[in-house]
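Could you build the full structure based on these sequences and the hints that come with them?
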Amino acid sequence: MTQDGITQDPEAFGAWLARQLRRKGMSQSELAAKLDVTRAAVSAWITGRAMPRIEKIQAIEEVLGLAAGASVTRDEAPESSGFIRWQYRPAHIDGGRELGNAAAFAFDSSLAVTAREAAQNSLDERFHPDRSVRVRFTLHEISGERLRRFQEAILWDDLVPHIKAAGDTSQKVGRVLANGLRELGENGTLLLLRIDDYNAHGLTGPEYDDGRFAAVVRRQLDSHKKGTAGGSFGLGKATVWGASQFGLVIMNSTLSEPFEGRRERRVIGRIDLPWHKLDGEEYAGPAWLGEPDPTRGEAAARSWWATERTVQELYLARESSDPGTSFLIVGAYDPAGEATTLEKLHATLVQALATNFWASMVSTEGTAPPLEASVVALRNGDVVVPEERVNPHRYEPARSRALRAFLEGKTIKREGDADVRITNADDVVEVAVTLRVPRRKTEAKGDPIEHRAVLLVTPTTDSDERANHVVGMRGTRMTVLDRTVSRLPFGAVPFQAVLLAGTATGRDLDEDARAEEFLRAAEPPEHNAWKATEDLTTTYARGAATRLRDFLGEVYAEVRRVVTPSERAASDDGPPAVLRELMGLHPTPPPRRPGYPTVRSVTGELNDEGAWRLRVEIRLPEERRDPWFLRPILRFATRSGPKPEARWAKLVAESHCEVSGDVLICDPNERVAVFAGVSDVSSHPVPAHMAMAEVDVVQAKDGGR
Amino acid sequence: MRRIAPYPVLADEVTLTVHEVRLDDVPLPYESTVSERDRRIALHLVGKDWSTVRLVLRAAAPRHELEAGPWKKAAFVATASERRTNVHTAVKLDWGGPAEWVGEVELHRDDHVDRVLISGHLVATVDDVEGRVIADVARPWTVDLQANSPTPRDEIAVRWADFAKVPQLKRHEESPWTVSVTDEAPILYLNSGFEGLRAVLTGTKASDRPARELLASQIAVSLWTTLFNEAIRHVEGTDWPDGWRGMALRRMLPDVFPERSPDDALREVGRGTTAPDLPTRVLHAAIKQAKAPRSLANFIRSLQKTGSEDR
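Chain order of the listed sequences is A and B. Just so you know, we're using numbering that gives the first Met the number 0 here: the first sequence kicks off at 0 and counts up by one. Just so you know, we're using numbering that gives the first Met the number 0 here: the second sequence kicks off at 0 and counts up by one.
Note that these hints are calculated values from the structure, not bench results. Careful: at least some of the hints might be erroneous.
[Stated by the list, open to error] Straight-line alpha carbon distances no greater than 25 Å define the calculated DMTMM-like cross-link-like pairs of lysine to aspartate or glutamate that follow:
| # | chain 1 | residue 1 | chain 2 | residue 2 |
| --- | --- | --- | --- | --- |
| 1 | A | 642 | B | 11 |
| 2 | B | 290 | A | 333 |
| 3 | A | 642 | B | 12 |
| 4 | B | 287 | B | 254 |
| 5 | B | 204 | A | 580 |
| 6 | B | 290 | A | 510 |
| 7 | B | 71 | A | 425 |
| 8 | B | 204 | A | 449 |
| 9 | A | 642 | B | 64 |
| 10 | B | 287 | A | 621 |
| 11 | B | 204 | A | 463 |
| 12 | A | 642 | B | 19 |
| 13 | A | 171 | A | 333 |
| 14 | A | 530 | A | 449 |
| 15 | B | 204 | A | 333 |
| 16 | A | 163 | A | 307 |
| 17 | A | 642 | B | 129 |
| 18 | A | 409 | A | 281 |
| 19 | A | 642 | B | 258 |
| 20 | A | 642 | B | 24 |
| 21 | A | 642 | B | 241 |
| 22 | B | 287 | A | 333 |
| 23 | B | 204 | A | 622 |
Treat the numbers as computed from the prediction; the structure is a model and nothing was measured.
What follows is the structure, encoded as structure tokens:
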């Protein structure tokens, strides 16, 4: 430590000195010789074990040709960006070729998946536990000079020959690259998708060794995650590169813990191209934008500490000094091909965030939710779709209400075997469901651990198109399980159910942590189910799959139980309204146009012998092809009892019918048939003048057919 | 059916109204006892044992037609009759003004059990023959001894019961519903022990409505089939059976034999129809009563709507 305290941090000085030597291409021994110190002294400075005295620092500045005091401010030389270039990894010496990123193929790629994975990573990297992780998605379409300036900043012209060489249209990745270049050429526009997180750890750690930086920038399939993290495969980051047509992402990170004594504007770019050959040289594919690092061989590039101006040119200026990372996806697109306009891309991102992270965005009175997310769309700096902060209550009202009630302790809990049912539209019923976590194979023995997951059920509206689902989550409350509950009892209210398992229960119990690990092992890379994955069956003792199945079966059963409408106690509460109208005995009004022949008119009088001479008109219904066989009936009216019939002495057809015995055969094409009849006096039960008479027609039984 | 008289009769009919109902000389509240619209009188005599009911009646004939016609000594005879007890009473009413008659009809508790028809005839001397009927009552009245409301008992009773716990229904324990018939009334029993039945039938959720209505109409199909088969066993000759059986037949027969008039259809049934397709015809009529085509169509449409993609 120097007495005047110009520098407090030997480590930062060491990193600075190492960087300056790299840039000059000067070795530690050469510097030692020029300063007349031992090589061991220089090494001690560089590794941060010791600080040079003030006069040595001035000598160093002189040797390196830097302004006096440069080591104090540790300003990078103004020409700093001049050191930046794309460093391409040479092809494997064994001739192996990678024609795509295997991790990127593990997903059905889409912009929605990218949003989910990126936000999940941010959530896993939450820095200050009492504050939200803030994730901001910015879609920015640029063109014209703005585009050109950006291309200059990322050394685009250096990349293009490589992209062209890699754009082999016979391969999936190559087709996307070629298409990206073609679109850029045709439209003259480039879409940038920037994903920022704040209050996250940022890309901390050394350039090459284990740490967040190396996990994201250097490695495939390294999740660098522990505990409750959503991802456990390290696949998520591949989807970020997958959202770029060129596989090109530039990062600017503000670190939560300093590296090389610095925190702000750690910048590096990476492009994931497939194997390609250019000017006789073979390249493995990936390349990094950064400072060449001769100490690692010709292809390595390190991150650099960029100036504010540089990050602005890169569209990566961060809006606060809060730690976190900004990813700039260059040539962003929706791999699913669904969203094409800025408006649609915006909507896709909002929907994906709402669907996957509504639970992480639900807050309670006075506490910050784990996650805040927003999406904005710009074109050449002008707002196209204003910034929308994703509101979980807007997109998932029932589920958000259920979770908030749980967080605020306002659920209706079922204790023991008590029968708890939903009765009000905003009731949230809470039921415990037990997951028996078996021992790990590495543990010699031990009983399964009982974890009590929390199941929340609440009614939703009739118009909820995704009603009757149960969504399951653990850890940071990203939606993992999303299933329709089948075999619902009839009359069940439409509902939404939320299952909080593992540490998502927020109780900080040992069982919860064990269940968390168990369920994480049960998640496939897509994080969309809990099932008997290979990870699960290899990690846990026999019966793990059964335990999981029992657990989920119990969840569905509990949901069904809760939503079953309660049978009212009253044993006789009258006929259900729905039956009533089908059970009426009251007479129906006679049809205006009956489907059977009717007597329309009867006129006549008694003749001298006391016989009725009658003229009868019969109305015939429509829509019939067969002739009507009708028997006219003459009855004497009585006050009660059967009415005695009289016989006809004579029947004469008058129109549209013919007489056959005592049957009239009427023409079905006519509407009226007329006949005349004379009664047989000998069949009169009483003299005809003493009684009223009735004339009717009935179907002749066999109709003479 | 058309009527013809061998002597002059009125073209119009007589209006009969009930002005007061007295139960053992105590007037009953008119509003809750008499329904003019339905021409019914309900004797819902809570816990009271009675012996006689008097109805104060007024009959009115078309005055001008009556005075202009050839009729002499016109008089009104009120009648009270009940099919089940075969009791017929006739009372000549007093002159109450031109073409109007007033008087009382007395019903004795011992003579009646169920429904009494109150009607009458306008009689006169025509061509020197006395007491000939020249007009009938347009809309007769019914005194219902069982009803507790003057609006007609025109619905089949429905009761919830846990079949397993009711001895008479134990036999049908596994059935979701059953129909019981007595002379008084048929009763549809719904099995409250059948899980979910009540939830389906009494639910109010709009989205469950197609299924609810489908089930209701299925119940109704079996109900009406049962009622019809039970009712036709009581048809004799050309008379409509009493009570619910007659009502059920009047609703069903027009659909069982659509090409026959109701009376003709009843006659066909009464003489033991030989129509080989009777069960098919009854099923058709029951389906129509139960509005099954409509509810099934709605149900199928709802399946098409909800059976969409699901993940």
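For each hint, the structure was consulted:
| no. | hint | in the structure |
| --- | --- | --- |
| 1 | 642/A with 11/B | holds, 23 Å |
| 2 | 290/B with 333/A | violated, 52 Å |
| 3 | 642/A with 12/B | holds, 22 Å |
| 4 | 287/B with 254/B | holds, 8 Å |
| 5 | 204/B with 580/A | holds, 18 Å |
| 6 | 290/B with 510/A | violated, 58 Å |
| 7 | 71/B with 425/A | violated, 80 Å |
| 8 | 204/B with 449/A | violated, 38 Å |
| 9 | 642/A with 64/B | violated, 29 Å |
| 10 | 287/B with 621/A | holds, 21 Å |
| 11 | 204/B with 463/A | holds, 14 Å |
| 12 | 642/A with 19/B | violated, 34 Å |
| 13 | 171/A with 333/A | holds, 15 Å |
| 14 | 530/A with 449/A | holds, 19 Å |
| 15 | 204/B with 333/A | violated, 40 Å |
| 16 | 163/A with 307/A | violated, 32 Å |
| 17 | 642/A with 129/B | holds, 22 Å |
| 18 | 409/A with 281/A | violated, 64 Å |
| 19 | 642/A with 258/B | holds, 23 Å |
| 20 | 642/A with 24/B | violated, 39 Å |
| 21 | 642/A with 241/B | holds, 18 Å |
| 22 | 287/B with 333/A | violated, 56 Å |
| 23 | 204/B with 622/A | violated, 43 Å |
Going through the hint list in order, the structure does not satisfy hints 2, 6, 7, 8, 9, 12, 15, 16, 18, 20, 22 and 23.
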